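Number of protein chains: 2
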Amino acid sequence: MKEINIHLSPKDMPRQWYNLAADLPTPMLPPLGKDGKPITPEKLAPVFPMNLIDQEMSRERWIDIPEEVLDLLCHWRPVPLRRATGLEAYLKTPARIYYKDESISPAGSHKTNSAIPQAWYNKQFGIKRLVTETGAGQWGTALALACNMIGLECKVYMVRVSFDQKPMRKILMQIWGGHCVSSPSEYTHAGREILKKDPNTPGSLGIAISEAIEEAVSDPSGTTRYALGSVLNHVLLHQTIIGLEAKKQLEIAGEKGPDVVIGCAGGGSNFAGISFPFVADKIHGKKIEIIPVESASCPKMTRGEFAYDFGDTAEMTPLLPMNTLGHQFVPAPVHAGGLRYHGMAPLVSQAVVEGLLAPRACDQLNAYKSAMIWAKTEGMICAPETSHAIAATIDEAIKAREEGKEKVILFSYSGHGLLDLMGYDKYLTGQLEGYTLPDEELKASMEVLKKLPKAKIHKTGKW
Amino acid sequence: MKEINIHLSPKDMPRQWYNLAADLPTPMLPPLGKDGKPITPEKLAPVFPMNLIDQEMSRERWIDIPEEVLDLLCHWRPVPLRRATGLEAYLKTPARIYYKDESISPAGSHKTNSAIPQAWYNKQFGIKRLVTETGAGQWGTALALACNMIGLECKVYMVRVSFDQKPMRKILMQIWGGHCVSSPSEYTHAGREILKKDPNTPGSLGIAISEAIEEAVSDPSGTTRYALGSVLNHVLLHQTIIGLEAKKQLEIAGEKGPDVVIGCAGGGSNFAGISFPFVADKIHGKKIEIIPVESASCPKMTRGEFAYDFGDTAEMTPLLPMNTLGHQFVPAPVHAGGLRYHGMAPLVSQAVVEGLLAPRACDQLNAYKSAMIWAKTEGMICAPETSHAIAATIDEAIKAREEGKEKVILFSYSGHGLLDLMGYDKYLTGQLEGYTLPDEELKASMEVLKKLPKAKIHKTGKW
Chain A
37 MKEINIHLSP KDMPRQWYNL AADLPTPMLP PLGKDGKPIT PEKLAPVFPM
87 NLIDQEMSRE RWIDIPEEVL DLLCHWRPVP LRRATGLEAY LKTPARIYYK
137 DESISPAGSH KTNSAIPQAW YNKQFGIKRL VTETGAGQWG TALALACNMI
187 GLECKVYMVR VSFDQKPMRK ILMQIWGGHC VSSPSEYTHA GREILKKDPN
237 TPGSLGIAIS EAIEEAVSDP SGTTRYALGS VLNHVLLHQT IIGLEAKKQL
287 EIAGEKGPDV VIGCAGGGSN FAGISFPFVA DKIHGKKIEI IPVESASCPK
337 MTRGEFAYDF GDTAEMTPLL PMNTLGHQFV PAPVHAGGLR YHGMAPLVSQ
387 AVVEGLLAPR ACDQLNAYKS AMIWAKTEGM ICAPETSHAI AATIDEAIKA
437 REEGKEKVIL FSYSGHGLLD LMGYDKYLTG QLEGYTLPDE ELKASMEVLK
487 KLPKAKIHKT GKW
Chain B
37 MKEINIHLSP KDMPRQWYNL AADLPTPMLP PLGKDGKPIT PEKLAPVFPM
87 NLIDQEMSRE RWIDIPEEVL DLLCHWRPVP LRRATGLEAY LKTPARIYYK
137 DESISPAGSH KTNSAIPQAW YNKQFGIKRL VTETGAGQWG TALALACNMI
187 GLECKVYMVR VSFDQKPMRK ILMQIWGGHC VSSPSEYTHA GREILKKDPN
237 TPGSLGIAIS EAIEEAVSDP SGTTRYALGS VLNHVLLHQT IIGLEAKKQL
287 EIAGEKGPDV VIGCAGGGSN FAGISFPFVA DKIHGKKIEI IPVESASCPK
337 MTRGEFAYDF GDTAEMTPLL PMNTLGHQFV PAPVHAGGLR YHGMAPLVSQ
387 AVVEGLLAPR ACDQLNAYKS AMIWAKTEGM ICAPETSHAI AATIDEAIKA
437 REEGKEKVIL FSYSGHGLLD LMGYDKYLTG QLEGYTLPDE ELKASMEVLK
487 KLPKAKIHKT GKW
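The listed protein sequences correspond, in order, to chains A and B. Adding 36 to a residue's 1-based position in the first sequence gives its number in the numbering used here. Adding 36 to a residue's 1-based position in the second sequence gives its number in the numbering used here.
Derived from the structure by calculation, the hints contain no laboratory data. Since this is a predicted model, take the numbers as computed values, not measurements.
Put simply, identical chains are the same to the list, so a pair is met inside one copy or across any two.
Listed next, the in silico DSSO-like pairs over lysine-lysine satisfying Cα-Cα at most 30 angstroms (straight line):
#  : residue 1 : residue 2
1  : Lys405    : Lys159
2  : Lys283    : Lys322
3  : Lys47     : Lys283
4  : Lys202    : Lys412
5  : Lys47     : Lys128
6  : Lys405    : Lys202
7  : Lys47     : Lys292
8  : Lys159    : Lys412
9  : Lys202    : Lys462
10 : Lys323    : Lys292
11 : Lys462    : Lys164
12 : Lys412    : Lys164
13 : Lys405    : Lys164
14 : Lys284    : Lys47
15 : Lys128    : Lys164
16 : Lys128    : Lys322
In isolation and in its complexed conformation, chain A is listed as follows (with noise of 0.2 angstroms):
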C-alpha cells in the first residue's frame, strides 16, 4: 500500500522553537520609533506581555517551548506530512511533493500555532483579555480557540466588509466564546472618528489594528493585552514548529532533505513555520531553494522596497525594517485576504535582501486554477493563500520534469477552504479577476516612504 500519511509521535514533537535571528548572516534592525531611535522594551509593555516581548528581541537560536504549550499543540500536532502522489501522477514528474497539513487544526490553519503560545504567555504574565483584529477571519477564529483552551477573553474587531461577507468565520468566533465585532466600531475613539466621517466606510486592516491596539492600551487595570498573528519575530518563530516538524518526518520518510520549499508569504507567519529551519541549513552550505510565493495584487518582495515603514495605516505601530509597499497601499479585493498586507515579516524581509530566498509572486486566477487541479488530483480544498504555493508547487514539478531530474519539493498547506468556497464558485463560472498591480499605483504607493527612515544592511552577497 502507498505511504501517503507521513505521521511523526507526539514524543518525537519538537521541544525548542527556532530563532532565525541568531543565523542571519546580517545582524537584524531593530525596530524605531517616530523619533527614528529603536524602541525599548517598555515602550512595548502596554501593547504586549513582558515575556513574549523577551521573546521578540531574542538573538538565542533554541527556545524551550513550554510542556503546557505541547500539551495543547498536540491536541492536532504533530500534523502530518502528506505525499501528493495524485499530483505527482497527473503532472508526470520525476519530483517527489511532500506537504504539511496543517489545515487539520480546529481553527483550520496554521495560526494556532502562535494563537496557542500567545494566549498562554499572556495567561502566565497575568493577562485576563486579549483583543486582535483580524481580516479575513483566519488568525480571529484561531485566536478565540486559543483563548477559549486557556481561558482568557477574546475580542476580535473584524474589517467591516468581511464581517458582513463572511459570516462563517464570525459565527466560529462566536462558538468558542470570541467576541467578534465590526471594524471600524463605537467602542474606541479610533473608530468613532471614522465613522463620524465616513459611516459607510468599509473598513480595512489598518483601523482594525489600530481599535484592537487602542483598546488594549487603555484598559485601566493593565490586564488587557494585543496580539498580532503574523509580522513580528516571537510570531514567526512559535510557526518554526511546522518545519521542524517536516524535517523529522522527511527523515521518516527515507528523503535526505528537501530541494525546494515553498510557502505562501502574507505577513510571512506561514511561510517562516515551513522554510526557517531550512533557511538555517542553507546558511550553512546545503543547497537548497526556498521560495516564498506572494499575490501579485500585492507584491511587496518582488516589486517592493526594503525599508523602515509602518505595521499600520493608522502609524500607531513602531517602524519596522521590512520589504513594503507603503502603509497606505490599498490591496485589491483578492480572495486571500490573509496576503492583502502591505508589508512583509522583518526575518522574511533580511533573508530576501540577503538573498537567501528567491520571491516569486502569483495572480488570483492561476492561484485558483491550481487549486483546481489541487482538488482534482488530491481531493482537498485548500484556502486562497495555500493556492499560491500550489502554484509554485506545480511550476517546479514541470521543472523537474522538464530537467529530468529527481527532486524532493516541500510546501506548507496552510489552511483549507471550507470556508471559503465562494472563491472556487467564482472561478468555476468565469467570474475572477487575475489582479496584478500596476506600476503606476505602486510607485504612487510607494511615496509615502520617502519621508521615513532608510534601511540599510551590510550583507555578505553569499547566496
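Put chain B on the given structure of chain A with help from the hints.
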C-alpha cells in the same frame, strides 16, 4: 505529554470488511417486490452493478477489501482514534472517552468509506456514470469526490430546498466535477410530472431518489447505475472499516475494549460502521452497550415499527424489512439533514428487534447544546448529525461519574460542521427549536404500513 491521537499504520489497515448478516441470531428477511415475492438479483441489475448486488446478498462473514480500494482510502485512512480529554475533564467523569475522527476525509464525513468502493466496483463492472440523490449534501459530495478519483461521471439530484439553502456543498461537488442539479428537475419524467403539478415544490428525498433511479435505469447504453449512501447491506458493510480500525486502535491505547459504543443513526451507515464489529462481540458473549442515536423529529427506532416498507416516497424501491415511520413521512426541518430519513437499515433494524441495541432519541436543542460543549472543550465543530452521538456520550459519561465507574466510551465522530454553521448561529441567537414528533402525526404516518406485507421474525430474545 498527553497521548490524544492514536494512529494506526496504513500497513495495519483492515483487509476485510465485516458482514453482520453472517452473525445475526435471526436470519435476515429478504427484500420483496410489489408482488410480495423476494426480489431476485436480476431485478436489481438495471439499478446496481452485479458485483455490488452480490455483496448486498452475501452472508459471508468477511469480505476482502480490494487492494486498489485500500490504496484510494489510504489517502486519508486510517483516521485517528482520539481521546476526548477536554470533555472528560469538563464532565469530571471517570469514563475514558474515545472517538473515531471520520471528519478528516476531504468530503468531511464517513460517507467516503462507501463512496470509494461503490465507485470502484461500478468502474470494474464497466459502468461509466453514477447517479445519486442527496439531501443535505454529505453523500453527494462524497460520491462526487470518489467518482473524480476513480474516473466516472457523477450526477447528483439534490433536494431543491437544500440546493437553494446550502450552496456550499453544491460548489464542492462542482469542484470535483460532479453535476449537481436541483430536484425535482426537467431531466426526468418523474421530475417533470411533479413540477407540472407544483412548480414551487421544495422537493424531497423521495422525489430525488425517484429521479436518480429513473435516470440510471433509462440510459440506453446500459453504462449508468444508481448509488445509495446508506440503508443497504453493502453500504453498511463498507462502513465497518470504522469500527475495525477503532478496535485495533483501542488495543494500541491499552484498552480491553469499549463498554459503550455510540453512533448517530439516520439511514444507519455511520452507526453500523462504528458498531457492527462490536455487535459481533456482543453476540459472542461480551458485555457492551451499543447505542444508536436518532433525531426526536424522526424516531423510527424508538417509536416506529419493524415492518416491510418502501425506501422512497414514490414506491420505486423494493420493500425492505426495517424500523420505519411510513414512507410518506415528512420530518420537521431539523439541521441534521442526515437523520431525516423515514426508515432504518434492515441490518440495524433486525439488531434492534433482537435487543442487541439500545436506541435512543435526542431532540435538536439538546443536540446543539452538546455540540457547543464539544466545541468549547475539544475545540472541534461537529456536524449537526454527529452532535446527537455527542449528546448520548455526555449522558453516559455523567452516568459513569454518578455510578463512580471507570468505563470506556467509544463513539463515531461522523463529520465536521464547517459547512453547516448556520445551525450554530441559530442556537447562539436563540432561534433554534427542539422538534419532537407529535403522537398524532406519527400515528397518521404509520397508516400506510397497514396495506403492506408484515415483517415477522422469530427472535432469540437473548439480549
